[in-house]
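Enquirer: With chain A fixed as given, assemble chain D onto it according to the hints.
Given next are the chains, with one letter for each unit.
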Amino acid sequence: MGRWLLAACACTAVLWGQEFKLGSQVGDFGVQDLHGNAVQYSALKGNVTVVVFIATQCPVSNAYNERMKALYADYTPKGVKFVFLNANRTEPAADVARHAQEHGFPFPVYKDDANLVADRFGATATPESFVMDQTGAIRYHGSIDDSQQIQRVSSQRLRNALDAVLAGRPVEQPETKAFGCSIQKVGKAS
Amino acid sequence: MTRRLVLLLGAALAAALAQPAGLIPLDEAGFRKLIASGKGRVLLVDFWATYCVPCRAEMPQLVALEGRYRSRGLKLIAISADEPEQEAGALEFLRKQRVPLPGYIKRPRDDDQFINAIDPKWSGQLPALFLYDRQGAKVKSFFGETDLAALEAALRKLL
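Residue numbers (the numbering used here), protein chains in the order written: chain A, 1 to 190; chain D, 1 to 159.
Don't read these hints as lab results, they were simulated from the structure.
Among these hints, one or two may not hold up.
[Unchecked claim] Cross-link-like lysine-lysine pairs, in silico, DSS-like; alpha carbons within 25 Å at most:
id : chain 1 : residue 1 : chain 2 : residue 2
1  : A       : K185      : D       : K75
2  : D       : K121      : A       : K21
3  : D       : K75       : D       : K96
[What the hints assert, rightly or not] A few chain D residues that face chain A, going by a derived Cβ cut-off under 10 Å, partial list only:
id : residue
4  : F31
5  : P54
6  : A81
7  : D112
8  : I115
9  : W122
Note that CB positions come from ideal geometry on N, CA and C, so glycine has one too.
Looking at chain A on its own, in the form it has when it is part of the complex (with noise of 0.2 Å):
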C-alpha cells in the first residue's frame, strides 16, 4: 500500500512539476486553439521557437502586446515561430479571442486550459518567454526586456537570445526574472 502511494506520490510530481529546464530538450505538448481544437506543439513549432505565456487582463503583459507584434513581424521572416499561450483559468478562451482581435494580434493565440503546459515549463507569470534552439532545447528564458515602460528598456533581452540562437552563438544571459502578473492557475485560491 505504502508503495503504491509512494509511486503515485511520484508519478504525480512528475505530471505537476516542472519538467523542461534550460539547457533541456523540451517534450511535445498540447495546447488548444481559440475553437477549442487540440494542437500539438510539434505543428506548431519551427526551427527556433518563442513561446511566450500572455494575459489579456495584466498590464503588464498588455504593456507588451506592441512589442509582441512588432517581434513577431521581426522574426518570422526569419524562419522564428511563435506560440502565443494563455494559461489564466479566469481568461476563457472568447476573451482570449477578443482581446487578440482588439489588439491586432497578427498571430495566434492558443489555450492552455488546466495550465499543463504551463506547469511543464515552470512558468509562473505573463509575460514570460522561452526560446528553442534547432534542437529543441531550451536556450532563454524569462523576460521580453526589462522594463515594461518602454522607454526605460535598456536590454532587448529576447531579441538578444534569438539573434544568438539564429546566429549559433551562446546566449549572453540565457535567464532572467519575467516580472509580470501570476498565471492564475486552477487549483490556486480565487
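Expert: Just chain D, lined up with the frame of chain A:
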C-alpha cells in the same frame, strides 16, 4: 474636554506629519535594513502593485490578518512593484485600504538582482509574500494568489 480634543487632534496631526509624503524607495540594502529593523517581530512582507488584480483583492484580508495578530507581534510591510507613474495611485490605495504606513516601493538598480536577493525561487511574479521570523530569517515564501489559510497557519507558528 476641549483641551483633550485639541491634544488628540494634535497627536493625530503629528502622526500624519511623521509619515513620508510618498512611498519609501527600496533597493537591496534598504530591504536588508528594513528586515533588520523589524527584528523582534514577525514580518509579513507583501510585494504588490496597483495593476495586480489578485494583489488588490487580497490586501483587505492581509490588513485584517495584521489587525488580528498585531498585538502578538505581527507587522505587515507592503512594498509596491509599481512604476514611478503609478506611485501616487499606490499610496492612495494603501491609505484607502488602511494598510500600515509607511509604504515602500521597489527601486533597485538591477531588478533581477533584487529579486534573487530576496528569494532565488521568486520569478518576480505578483503577488509575492515573504514571512520572516522574529530573528529576521525568512521562513516561508508565497507566490501568486495567496492561500490565506496556509499563510495564517504559517504565521501562527511564528507568533
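Enquirer: If a hint holds in the structure, say so; if it does not, say that too.
Expert: Comparing the hints with the structure gives:
1. At roughly 29 Å between alpha-carbon atoms, A:K185 and D:K75 are farther apart than 25 Å, so this suggested pair is violated.
2. For the hint linking D:K121 to A:K21, the alpha-carbon distance of about 14 Å falls within 25 Å, and the restraint holds.
3. Taking the CA atoms of D:K75 and D:K96, the gap is near 18 Å; set against the 25 Å cutoff, the hint holds.
4. Taken as an interface hint, D:F31 does not check out: its beta carbon lies about 15 Å from the nearest beta carbon of chain A, beyond 10 Å.
5. A least Cβ separation of about 7 Å between D:P54 and chain A falls short of the 10 Å threshold, and the interface hint therefore holds.
6. For D:A81, the interface hint holds, the least distance from its beta-carbon to any beta-carbon of chain A being 7 Å, beneath 10 Å.
7. Evaluation of the D:D112 hint against chain A yields a held restraint, the C-beta minimum of about 5 Å falling below 10 Å.
8. For D:I115, the interface hint holds, the least distance from its beta-carbon to any beta-carbon of chain A being 5 Å, beneath 10 Å.
9. Annotation: interface hint on D:W122 holds; nearest CB of chain A at approximately 8 Å, less than 10 Å.
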